[in-house]
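With the hints as your guide, set chain B onto chain A.
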Amino acid sequence: EDQVTQSPEALRLQEGESSSLNCSYTVSGLRGLFWYRQDPGKGPEFLFTLYSAGEEKEKERLKATLTKKESFLHITAPKPEDSATYLCAVQGGGGSYIPTFGRGTSLIVHP
Amino acid sequence: NAGVTQTPKFQVLKTGQSMTLQCAQDMNHNSMYWYRQDPGMGLRLIYYSASEGTTDKGEVPNGYNVSRLNKREFSLRLESAAPSQTSVYFCASSLAGTSHEQYFGPGTRLTVT
Numbered sequence: 023e024d025q026v027t028q029s030p031e032a033l034r035l036q037e038g039e040s041s042s043l044n045c046s047y048t049v050s051g052l053r054g055l056f057w058y059r060q061d062p063g064k065g066p067e068f069l070f071t072l073y074s075a076g077e078e079k080e081k082e083r084l085k086a087t088l089t090k091k092e093s094f095l096h097i098t099a100p101k102p103e104d105s106a107t108y109l110c111a112v113q114g115g116g117g118s119y120i121p122t123f124g125r126g127t128s129l130i131v132h133p
Numbered sequence: 010n011a012g013v014t015q016t017p018k019f020q021v022l023k024t025g026q027s028m029t030l031q032c033a034q035d036m037n038h039n040s041m042y043w044y045r046q047d048p049g050m051g052l053r054l055i056y057y058s059a060s061e062g063t064t065d066k067g068e069v070p071n072g073y074n075v076s077r078l079n080k081r082e083f084s085l086r087l088e089s090a091a092p093s094q095t096s097v098y099f100c101a102s103s104l105a106g107t108s109h110e111q112y113f114g115p116g117t118r119l120t121v122t
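Chains as they are written, first to last, in my numbering: chain A, 23 to 133; chain B, 10 to 122.
Here chain A stands alone, though its shape is the one from the complex (with noise of 0.2 Å):
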């Protein structure tokens, strides 16, 4: 069963502050690594999607990473506009198309 933890379920930061979310992962088979930003109120927004250990890619000020058993999200002197909720999902092997998503960071930068 694939499994997902993220960490920590809440980061508050100062405006400026770079920091880095945790996603911990369990998966027979990698397809694919998800990284999605959630608003209050409103539906997730995809970020970015990785395929394999060592691969990195990077939005403004949002990088994700990623190796055999985990990924990071690093926030580079974030503004209070970054802050959302950053939800995490693995896609195993075996064909299945159902995702496991994490519960999310809720992430607060003070201005």
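Bear in mind the hints are in silico, worked out from the structure with no lab data behind them. None of these values were measured; they are calculated from a predicted model. One or more of the hints may lead you astray.
Claimed, not checked - Partial selection, computed: residues in chain B whose CB lies under 8 Å from chain A: (1) 19; (2) 20; (3) 51; (4) 52; (5) 54; (6) 67; (7) 70; (8) 73; (9) 110; (10) 112; (11) 113; (12) 114; (13) 116.
As the list claims (entries may be wrong) - Pairs of lysine to aspartate or glutamate, EDC-like flavour, derived with a Cα cap of 16 Å: (14) A:64 <-> A:39; (15) A:79 <-> B:47; (16) A:81 <-> A:103; (17) B:80 <-> B:47; (18) A:101 <-> A:39; (19) A:64 <-> B:47.
Said to hold, decoys possible - Heads up, incomplete: computed chain B residues facing chain A, CB under 8 Å, no partners named: (20) 57; (21) 99; (22) 111; (23) 115.
Ideal placement from N, C-alpha and C gives every residue a C-beta, glycine not left out.
Same frame as chain A, but now just chain B:
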């Protein structure tokens, strides 16, 4: 491009009432999904449709039924609503079932009294 649309945005039902949540996507995606999101529980998959003409149960299918009406539309029906079905419901779609990211709708907030 509207992406994924859902109706209604909000709904209040009484126990035992029925309703259908509608979802449509205009991205020519093959796979569609219904999730519920509850505080502390994360996103849980109710049903999914890997392609037009197929549907399968997810993690929490009890009390729900689905219909993949065509490639664009995927509806979720509650036949006899229960307070335990109070939740926020999200529809999502992806190009194909494996290795592809999902695109989510804005959600339906359902309260069952």
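Any CB of chain A closer than 8 Å to the CB of residue 73 (chain B)? Where the cut-off is 8 Å and the nearest Cβ of chain A is about 16 Å from residue 73 (chain B), the hint is violated.
Is the hinted pair residue 101 (chain A) and residue 39 (chain A) satisfied, with a Cα-Cα distance of at most 16 Å? holds, 9 Å
Classify the hint on residue 111 (chain B) as holds or violated, based on whether any CB of chain A lies nearer than 8 Å to its CB. holds, 7 Å
Hold the hint about residue 110 (chain B) up to the distance rule: shortest CB distance to chain A must be less than 8 Å. Holds - the Cβ of residue 110 (chain B) comes within 8 Å of chain A, reaching about 5 Å at its closest.
Against chain A, run the beta carbon of residue 20 (chain B) and see if the smallest gap drops under 8 Å. violated, 15 Å
Minimum beta-carbon distance criterion (8 Å), residue 51 (chain B) to chain A: holds, 4 Å
Per-residue hint verdict: residue 67 (chain B), partner chain A, C-beta under 8 Å: holds, 6 Å
Please check whether residue 116 (chain B) passes as an interface residue: C-beta within 8 Å of a C-beta belonging to chain A. holds, 5 Å
Was the hint right that residue 19 (chain B) lines chain A, CB cutoff 8 Å? Status violated, d = 11 Å.
Please work out if residue 81 (chain A) and residue 103 (chain A) have their alpha carbons no farther apart than 16 Å. This hinted pair holds, its Cα atoms lying about 14 Å apart.
Should the hint that residue 114 (chain B) touches chain A count as held when the rule is a Cβ pair under 8 Å? holds, 5 Å
Could you check if residue 70 (chain B) really has its C-beta closer than 8 Å to a C-beta on chain A? violated, 12 Å
Hint violations for this structure: numbers 1, 2, 7, 8, 14, 15 and 17, all remaining hints satisfied.
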